[in-house]
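Build out the structure end to end from the sequences listed, making use of the hints.
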Amino acid sequence: MNIELLNTHRNELLSLLEEPEGYVIPKEYDLIETVDIKQDKDMYLERRRIHLDGVYINVYKRSQAHEREIWVRSDAPYLQMHFEISGGSAYYFHQNKTFAVPISEGEFSFFYVPELNGRLVDPPCKDAVTVEIEISEKWIRQHIGTSPSPAMDFVDDIASGRPALLGGRSHLISPQIFRAVQDLLECPYAGNIKRLYLEAKLMELLAHQLFQVQGTGKGRQQQRYSKADIEQLHFVREKIISDLTKHHSIDELSYLSHMNRTKLQAGFKELFGVTIHDFIVEQRMNLAYKLLTESYAHYWNISEIAGKVGYQRSNHFSAAFKKRFGLSPSSFLKK
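The opening position of the sequence shown corresponds to residue 1 in UniProt numbering, with each subsequent residue numbered one higher.
This list has only true hints and no planted wrong ones.
Simulated crosslink set (DSS-like; lysine-lysine; CA at most 27 Å straight-line): (1) K41 - K126; (2) K290 - K323; (3) K38 - K61; (4) K308 - K239; (5) K38 - K290.
Computed beta-carbon distance windows for the label pairs: (6) N7 - S249: 50 to 60 Å; (7) I250 - S160: 46 to 56 Å; (8) I250 - H316: 12 to 22 Å; (9) N192 - L14: 35 to 45 Å; (10) H66 - V35: 23 to 33 Å; (11) K269 - L14: 39 to 49 Å; (12) L13 - R141: 29 to 39 Å; (13) K126 - R169: 23 to 33 Å; (14) Y299 - D42: 33 to 43 Å; (15) S303 - D278: 21 to 31 Å.
Please keep in mind that the hints were generated in silico from the structure rather than gathered at the bench.
Cβ atoms here follow ideal geometry from the backbone N, Cα and C, with glycine treated the same way.
Right, here's the structure in full:
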């Protein structure tokens, strides 16, 4: 499949993406990962892409001073799960003007078109994080199975070649969906184990979307918090991730987020599915695993790695690591 990105007048080709039919991956690979960065004085765009058999996972980090509008078209059917995680929004307007996909910050959509042929609009943004998962028709037929309406309405539209939007609109990203997306982004494994993990998370993500769209999921609970509250909870999360060597007290995070202790801790647990303490430990362990599996890890000792992930005592670090992964960190350095 070819995807063309053109200027709005459709008389200048800006970019051409050539994808294998059905997004099939070469047999010699478990997965293929690439990173592309584009930057000028008004724009920064980073795309991390993971190719699994039948699927492309695209993670975008972007900032742009001005609205960007392009025309996009393909020569084959197109399926995408789209998640506006933070800071951004996007709008796709199909050429027939009767089908549109508006996605605001904190929302997701799952849409199908028999061919891309319309306007794509990205408003100005700063430090936006967007996840786009491109899926082959074969993959969705294999995994969606026989499901209650509206999932089967979506499948029927795909089979009939009609533009379709799961549930007829964009939806709020529930805590369950947010956690599944974060698991995709923060997978600590490599090679075949990473492939298995990501494939499992994709199916989990599909299940959460279908469940929520049926109207029986718990995703609506997130609406008990205002948009400002949710933004502050994301701020706390990013504050923690930005430097895992720092030891933030609940009182400090409460002050920074303008929330009282109870609301902060309850909101964090509901939105991200984990307590603040457990989240910090999990992030530290994932970073430690990454450091221990880097090619230059043998230059470090356990105390140095412990310090890099916020532990002052190496024995406390080793105990936490073994509890999380079932192996001591020293076993990685001996390889």
